[in-house]
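Go ahead and model the full structure; you've got the sequences and the hints to work with.
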Amino acid sequence: MARNHYYLSIADLAHARGDDPRFAWDGASPDGFATALQQALRDDGLFQRWRAVQPDPDAVNSSLGASDPAAQVTAQVADLRTDIDLLTDLPMSVVRHRLYLLIGSAWQLRDMRAA
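When we follow our numbering, the leftmost residue of the sequence shown carries the number 1, and every step to the right adds one.
Derived from the structure by calculation, the hints contain no laboratory data. Keep in mind it's a predicted model, so treat the numbers as computed, not measured. Where a beta carbon is used, it is the ideal one built from N, C-alpha and C, also for glycine. Honestly, I wouldn't trust all of these hints.
Each pair of labels, with its calculated beta carbon distance range [to be verified]:
hint, residue 1, residue 2, range
1, ASP19, ALA115, 27 to 33 Å
2, MET92, SER29, 23 to 29 Å
3, SER93, ALA70, 32 to 38 Å
4, TYR7, GLN39, 15 to 21 Å
Structure, rendered in structure tokens:
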């Protein structure tokens, strides 16, 4: 699989939360979020916890549980937003799912490029 850089932004990181508090990120710092997202992409723990509470866990698309042990995430404040640089070989569908679990729809994909 090809590695990609995903460039994301979050307008209000301090208030960015997923819909379900069991999986939502609970922090305010860019570094804290980068660490949480990186961990969520490097292993399938967050996915497995989410999957376990689904009405039919066996019916969940297992491809959403993919992980990338080499995923790298950095975050920094730029203007009034937080910019995220994510380097991974995971497809956008997996990245999107983990982001929605952690911070809901509070993020925006700004660009994507081959690494």
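Comparing the hints with the structure gives:
1. Between ASP19 and ALA115 the C-beta distance comes to about 31 Å, which sits within the given range of 27 to 33 Å.
2. The hinted range of 23 to 29 Å is satisfied by MET92 and SER29, whose Cβ atoms lie roughly 25 Å apart.
3. Taking 32 to 38 Å as the suggested C-beta distance range, the pair SER93 and ALA70 does not conform, at roughly 19 Å.
4. Between TYR7 and GLN39 the CB atoms are about 20 Å apart, so this pair conforms to the stated range of 15 to 21 Å.
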